[in-house]
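Asker: Fit chain W to the supplied structure of chain C, relying on the hints for placement.
There are 2 protein chains.
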Amino acid sequence: MREFELLQHIFAASRDLGGSVLIPPGDDMALLRLGGGRLLAAVDQLVAGRHFDLGTTPLDLVGRKAVSRALSDIAAMAARPLATLAAVALPPDFGDERAKRLFDAMRSTADHYRCPLVGGDIAIHGDRTHPLLCTVTVLAEPAATPPITRAGATVGDVVYVTGTLGGSFGSDGRGRHLTFEPRIDEALELAERLGAGLHAMIDISDGLGRDASHIAALSGVGIEIDADRVPRPEGIDWRRALGEGEDYELCFTAAGRVPGAVGDVAVTAVGRVVPREAGSGPLVLVREGGRTLAGDDLGWQHGS
Amino acid sequence: MREFELLQHIFAASRDLGGSVLIPPGDDMALLRLGGGRLLAAVDQLVAGRHFDLGTTPLDLVGRKAVSRALSDIAAMAARPLATLAAVALPPDFGDERAKRLFDAMRSTADHYRCPLVGGDIAIHGDRTHPLLCTVTVLAEPAATPPITRAGATVGDVVYVTGTLGGSFGSDGRGRHLTFEPRIDEALELAERLGAGLHAMIDISDGLGRDASHIAALSGVGIEIDADRVPRPEGIDWRRALGEGEDYELCFTAAGRVPGAVGDVAVTAVGRVVPREAGSGPLVLVREGGRTLAGDDLGWQHGS
Numbered sequence: 069m070r071e072f073e074l075l076q077h078i079f080a081a082s083r084d085l086g087g088s089v090l091i092p093p094g095d096d097m098a099l100l101r102l103g104g105g106r107l108l109a110a111v112d113q114l115v116a117g118r119h120f121d122l123g124t125t126p127l128d129l130v131g132r133k134a135v136s137r138a139l140s141d142i143a144a145m146a147a148r149p150l151a152t153l154a155a156v157a158l159p160p161d162f163g164d165e166r167a168k169r170l171f172d173a174m175r176s177t178a179d180h181y182r183c184p185l186v187g188g189d190i191a192i193h194g195d196r197t198h199p200l201l202c203t204v205t206v207l208a209e210p211a212a213t214p215p216i217t218r219a220g221a222t223v224g225d226v227v228y229v230t231g232t233l234g235g236s237f238g239s240d241g242r243g244r245h246l247t248f249e250p251r252i253d254e255a256l257e258l259a260e261r262l263g264a265g266l267h268a269m270i271d272i273s274d275g276l277g278r279d280a281s282h283i284a285a286l287s288g289v290g291i292e293i294d295a296d297r298v299p300r301p302e303g304i305d306w307r308r309a310l311g312e313g314e315d316y317e318l319c320f321t322a323a324g325r326v327p328g329a330v331g332d333v334a335v336t337a338v339g340r341v342v343p344r345e346a347g348s349g350p351l352v353l354v355r356e357g358g359r360t361l362a363g364d365d366l367g368w369q370h371g372s
Numbered sequence: 069m070r071e072f073e074l075l076q077h078i079f080a081a082s083r084d085l086g087g088s089v090l091i092p093p094g095d096d097m098a099l100l101r102l103g104g105g106r107l108l109a110a111v112d113q114l115v116a117g118r119h120f121d122l123g124t125t126p127l128d129l130v131g132r133k134a135v136s137r138a139l140s141d142i143a144a145m146a147a148r149p150l151a152t153l154a155a156v157a158l159p160p161d162f163g164d165e166r167a168k169r170l171f172d173a174m175r176s177t178a179d180h181y182r183c184p185l186v187g188g189d190i191a192i193h194g195d196r197t198h199p200l201l202c203t204v205t206v207l208a209e210p211a212a213t214p215p216i217t218r219a220g221a222t223v224g225d226v227v228y229v230t231g232t233l234g235g236s237f238g239s240d241g242r243g244r245h246l247t248f249e250p251r252i253d254e255a256l257e258l259a260e261r262l263g264a265g266l267h268a269m270i271d272i273s274d275g276l277g278r279d280a281s282h283i284a285a286l287s288g289v290g291i292e293i294d295a296d297r298v299p300r301p302e303g304i305d306w307r308r309a310l311g312e313g314e315d316y317e318l319c320f321t322a323a324g325r326v327p328g329a330v331g332d333v334a335v336t337a338v339g340r341v342v343p344r345e346a347g348s349g350p351l352v353l354v355r356e357g358g359r360t361l362a363g364d365d366l367g368w369q370h371g372s
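Residue numbers (this note's numbering), protein chains in the order written: chain C, 69 to 372; chain W, 69 to 372.
Okay, chain C solo, but in the shape it has when bound (with noise of 0.2 Å):
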C-alpha cells in the first residue's frame, strides 16, 4: 500500500473527533477549535534517499525544501502561518557544524514565510548508514471562514492551478522540488479575491492526477482536466506534468470570475468539476487529443 493510501485508511477511524477537532485527519490540515479561536495544524517528514540525495543537496535546500513543503499545506487551506516546530533525526557522525547549518535554513525559510520556528528536537540515529530525516509540523489560522478544503467543490467549477507543471525533479537530483515557494501568499490573495466563490483547493506534492481525485473523492465529485491547457516547462509532456508531482502549486476548484495571475504568478483554468455517481466511475478523467483516459489507468485513482 502506498503511504497515502495506508494513511488514510489508519485514519479513517478518525473521521470523527468531535470536540474541538472541526476538520479531521485527510485534509491538508487539520482544523481545531481553541478557545474563541481556529488552528490549523500539518506534519511532514523529508527523508534523506527518498525525498532528496543527502550527496548532492546542499544542506541549506535541504533545510528549505523540510520547511517548504510544511508551509504548503498552509497555502493549500489559504491560511496564516502561525509557527513551525522542527525535529531532525541525525547520524552520529553527522557533525554539529552541518546541524546548525541545517536548522539555520529552516529557520530562515520559516522566518520568510512569518512561520517562526519555536520549538524542535534532535535524536542521534545509532548507526551511521541511518537517514537524516526532518519533520515538520506547522500551525497556522484560517483566513476563511470556513477554511478552504478538499471538500468543497462543486459540480460546474472551473478547475485552475497555478505556475507550471512538471520537470521539478532534474536528471542531477536538483531542479525546482528544492528551490519552489509555498504559494501562501498567492492563496491568501486567491481567498480574498474569489471570497465564497473559491470552493476546494489543495497543493500539488503527488502530481495534478493524484492530487485533483484527492478533491475529487473528498468532493464526491469528479474532475476532468484538458491534457493541454495544463501550463508545462518547455520539454515537458502532459504526462510527465500530470504524473511527476512535488510541483508545490495550487489547484483549486472556483466558480465566478478568476484573476489570470495572483502576484506575478499565473493561474490556468485546465479543467472542470463534473458530476460522478457515490462511489463508482473514475474520479479524475483526462482529455487528450480527442481522447478520454480514467485515471485508474494513468495510476491516479486514489481516496475513493
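Keep in mind the hints are simulated off the structure, nothing from the lab.
It is possible that part of the hints are untrue.
[As the list claims (entries may be wrong)] Among the chain W residues that face chain C by a calculated CB cut under 7 Å, a handful are:
1. L75
2. V89
3. A110
4. V111
5. D112
6. G117
7. P184
8. A191
9. P199
A virtual CB, placed ideally from N, CA and C, is assigned to each residue, including glycine.
Answerer: Just chain W, lined up with the frame of chain C:
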C-alpha cells in the same frame, strides 16, 4: 555535543522571536499567542535502536511510548491537552498491518489523555535497515496564567518529585520507560492546589540531576538535592535514581504547603533552591552521607 546541548546552542539565536511567541524554544513547550488565546506546542522523536529495541518491544508499547513522551511535556507545563500529530518513518518491509497497530496504539494513548490524534504522515524508508522513527507533536492550552515553566524557581523554594526514580530500563529492554503514565492530571492538580506557590516544573526524561540543572540554568539559581531523600524502587541506588532518566515523573519547586500526594502518586521533598552567582558555580549540588558533590562531577552540568 549531546543532543540537548546541540539543540540549546541552535536555539540560542531564537531567544527573542517577538510577535506571537511568548515562550521561545528552551522550555518543555513553546507558548504562542493565538487570537485572544494561548497555545503550547512541542515535538519529540522516538527512534528504534536508540529509545527502544524493535526486536523485543511490542508495537503497542512503541506507540504508547512515542505519544506518552510528548504528553509528558504537557504535564511539565501543567497544561490541558488539545491535540496530537504523529509522523512515522517505516522500513520498506514493515508491513501495513504492523503500521496500523502502531498508529492504533498512538491513537488510543492520545485519546486516553484527551489529546486526540488529528494528523499524521507516513514515509517509507529507501532501505530496510533504516530504523522505525516516530515523531510526535503535541498541542495544549496552559491551565495556569502565566504557565508553569522551567524559569520560575526562587531561592528558598523546596524541590519535589512525584513517584519514584531510577530503574526504568529493565535489563531486557522492558520496564517502566515503556509503560509510564504521563503526569498530566497530577500536574493540573498541583497547579490548582498550589496556585502561585508552584514556581517551576519539568518532566524527568534525562534524569533528575540533569533535569534539575535545566531548571537551575533557566531560573538563575542553584539546586541542592539530598540524595538519601530521593524516592526509588527497591534495589536502586541514588546514583541510578538521579542519573538514569526516562522516569517521566515531575520535578517542581514550590513555596508554601505542598500535599504528600496528588491522586495516588506520592510527592516527596528532595532538596532546595539556593543562590548561585550568575554564570558561575554548579547548577546542581548533591548532598550524600555528609559529602557534597557537584553536578559537574556527576555529569549533569548542562544548559548553563
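Asker: For every hint, state whether the structure bears it out.
Answerer: Hint-by-hint comparison with the structure:
1. L75: Interface hint status for L75/W: holds (5 Å vs cutoff 7 Å).
2. V89: holds, 5 Å
3. A110: holds, 6 Å
4. V111: holds, 4 Å
5. D112: At 5 Å from the nearest chain C Cβ, D112/W passes the 7 Å test, so the hint holds.
6. G117: holds, 4 Å
7. P184: holds, 5 Å
8. A191: holds, 4 Å
9. P199: P199/W check passes; min Cβ-Cβ to chain C is 6 Å, inside 7 Å.
Hint violations for this structure: none, all hints satisfied.
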